[in-house]
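Given the coordinates of chain D, assemble chain L onto it according to the supplied hints.
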Amino acid sequence: MRAILAVVGIVVAAAAGYVILGQTSSGLQPWDSELSDNFVFARSIPFVLALGVAVGFLRRRGPAPERRADGAVRRFSPWTVAMHAVLTVGILLALPTGAWQYFGGILDVVAPVPLFWFYRIHYVGAAIVLFSVAAFLTAWWSTGESSLLVPRGAWRAHLRGLVDELPPAFGKRVARFLKVDMRLRPPARGRFSFYELVVSFPSWAFVLGLITLTGLVKAMRYAAPVPGPVLYVASTLHVAAMVLIGAKVLDHLRYTLARWPLMVAMATGWWKEPAAAAAPRPTSPSAPSPAPAGGD
Amino acid sequence: MRRVVAILALLWGLFNLLAAYVMVTSAFLSKTSAKEGILSQASLLIGGLAIAYFTLALLRQCVRMVRGSGLAAPPR
Numbered sequence: 059m060r061a062i063l064a065v066v067g068i069v070v071a072a073a074a075g076y077v078i079l080g081q082t083s084s085g086l087q088p089w090d091s092e093l094s095d096n097f098v099f100a101r102s103i104p105f106v107l108a109l110g111v112a113v114g115f116l117r118r119r120g121p122a123p124e125r126r127a128d129g130a131v132r133r134f135s136p137w138t139v140a141m142h143a144v145l146t147v148g149i150l151l152a153l154p155t156g157a158w159q160y161f162g163g164i165l166d167v168v169a170p171v172p173l174f175w176f177y178r179i180h181y182v183g184a185a186i187v188l189f190s191v192a193a194f195l196t197a198w199w200s201t202g203e204s205s206l207l208v209p210r211g212a213w214r215a216h217l218r219g220l221v222d223e224l225p226p227a228f229g230k231r232v233a234r235f236l237k238v239d240m241r242l243r244p245p246a247r248g249r250f251s252f253y254e255l256v257v258s259f260p261s262w263a264f265v266l267g268l269i270t271l272t273g274l275v276k277a278m279r280y281a282a283p284v285p286g287p288v289l290y291v292a293s294t295l296h297v298a299a300m301v302l303i304g305a306k307v308l309d310h311l312r313y314t315l316a317r318w319p320l321m322v323a324m325a326t327g328w329w330k331e332p333a334a335a336a337a338p339r340p341t342s343p344s345a346p347s348p349a350p351a352g353g354d
Numbered sequence: 008m009r010r011v012v013a014i015l016a017l018l019w020g021l022f023n024l025l026a027a028y029v030m031v032t033s034a035f036l037s038k039t040s041a042k043e044g045i046l047s048q049a050s051l052l053i054g055g056l057a058i059a060y061f062t063l064a065l066l067r068q069c070v071r072m073v074r075g076s077g078l079a080a081p082p083r
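Chains D and L, in that order, are what the protein sequence lines are. Under my numbering, the first residue of the first sequence carries the number 59, and numbering increases by one thereafter. Under my numbering, the first residue of the second sequence carries the number 8, and numbering increases by one thereafter.
Incorrect hints may appear among the rest.
Claimed, not checked - Below, in silico cross-link-like pairs of lysine-lysine (DSS-like), each with a Cα-Cα straight-line distance of 30 Å or less: (1) D/K276 x D/K330; (2) D/K237 x D/K276; (3) L/K42 x D/K330; (4) D/K276 x D/K230; (5) D/K306 x D/K237; (6) L/K42 x D/K237; (7) D/K306 x L/K42.
I should point out that these hints are in silico values taken from the structure, not numbers from a laboratory.
Next up, chain L with everything else stripped away, as it sits in the complex:
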């Protein structure tokens, strides 16, 4: 059961990684700067990096669980 949940979370993480990629790359598109402006570009960049950071942390946890480890101490 843990592995199944870990794989589902892994898939969710991969979708989020794609979203983070789209956000970060969109921040540097001339189309975005023309349509949205510098504030939106900065928001996309910061938001994309934040999503990428949290996604990588989740993916690391998922990989540990799929491998059969990855349980921390009880709630702390």
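Chain D extracted, bound-state conformation:
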């Protein structure tokens, strides 16, 4: 059933793409390249989101933990690896082109290529991000995936775990600021670190949600009237989200580059514990190995 739904979604999206591009290239539209791209993007959004939902249904609940002969365990499913790569491409296209649109305006700088190319590439990247967000949300919802969330009622304990993972001086400050009870015993760490669960994943969700919602409002003006103040607020928050995503990408790279097996796991799906670091710093005497328990 899931596969049929996905195939239907892909066929409908392909047909919509054919019709939209056919209208644009017919030569009957009076708009210039930039305005034409705006309309193409706005009209594509429902189909891009629907395609994301369809592809999201292709992800199945992870099977029993897989282990290879060399000891590597599956950390990410092939679906997750592929969609993470797709989302990365979307951000790599949308972020620099969006930044240029903003900075070019502030600095009054004219690029050597026509401005509509920046918008065109930005829209391609934005469509990929929209597709990915829809796919991930559908996949998590349809499979009941919740391993990226802090369990209900466990925030205090997870904050305690986070303090242990931070550099000591900074951790002390965070503990004081957030009034973390240091007498609490942190919970055993699961597949993801406390930093990922408490800081990284929630902030990704926030910034991607913000850029998606504000981007949709901005694009909606080409399909329906949007009040000026709403558009102003959406545009301002869209730029703010862009800056936050820029910071998030930098922090994400810093974090994962320092933990190379994470990079390998996101590229291949497989996690292999480095031999030299087989005995990680435990967060509690009973903390398990950070190796993941299974695929997602």
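Only chain L this time, still in chain D's reference frame:
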């Protein structure tokens, strides 16, 4: 492979450092204050400093990796 990825990340970091520089310096331009107002100037300054902070942290990690070190303990 690690070095190649580190160099790519280094390049990404350098572009971001340039963006941070543009943001911070733009915050003090009279043109910005005239066109955008004090709130945008403050946003540019704070955003630019934040990007610079995260960029420097990434660049430090990249340099460590290019030199052949820079691996932290497994995920923590």
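Taking the numbered hints from earlier one at a time, note which ones the structure violates and give those numbers from smallest to largest. 1, 2, 3, 4, 6
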